[in-house]
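> Could you build the full structure based on these sequences and the hints that come with them?
Numbering follows UniProt numbering, with no gaps: position 108 of the sequence shown is 108.
It should be emphasised that the hints constitute simulated quantities derived from the structure, not laboratory data. Quick reminder that beta carbons are idealized off the backbone N, C-alpha and C, glycines included. It is possible that part of the hints are untrue.
Stated by the list, open to error - Here are the simulated distance ranges between beta carbons: (1) 83 - 8: 20 to 26 Å; (2) 1 - 69: 22 to 28 Å; (3) 41 - 67: 18 to 24 Å; (4) 119 - 10: 29 to 35 Å.
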Amino acid sequence: MPVTVLNDVRIQYHTFGQGVPIIFVPPPMVGSFVFYKQAIDLSRQFQVILMELRGHAGSDVSKNPLSYPIVADDICHLMDSLNLYRAVVAGYSMGGQIALEFARRYPERAYGIIPISAFSEVSDARLRMELSMALKFA
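Rendered as structure tokens:
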């Protein structure tokens, strides 16, 4: 499986098809396999890129705690390594929040974002705790 390296951290990814790029970002604790059926179908018209988060599948564990900005930077680096200036970024659950962070940090690099079952802010104390735990153990 191909990897790109950012600051000595290997990030694994899988590519399918050609066309406008769509990068799928899974939530922590879930591999990119969750998007496999979408990748197969969409690859008929698009270049689909399935990204593995740090500490998942063939990606290295991060020396720093996983955070939205770190993963947003990983997406940008992955795009650079694939010679892609712009892409659609789709994310499921916490991957959706990562897609939102990517668009906030790099608006000129996003054709658009597709947040799937995501939310833009965390105001519930229990949900905040669950997200914190997911990031801690990812």
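> Now tell me, hint by hint, if it's right for this structure.
Cross-check of the supplied hints:
Taking 20 to 26 Å as the suggested C-beta distance range, the pair residue 83 and residue 8 conforms, at roughly 22 Å. Hint check: residue 1 to residue 69, Cβ distance near 25 Å, so the stated range 22 to 28 Å holds. Checked against the hint of 18 to 24 Å, the pair residue 41 and residue 67 fails, with Cβ atoms roughly 31 Å apart. For residue 119 and residue 10, the hinted distance range of 29 to 35 Å is satisfied, since their beta carbons lie about 30 Å from each other.
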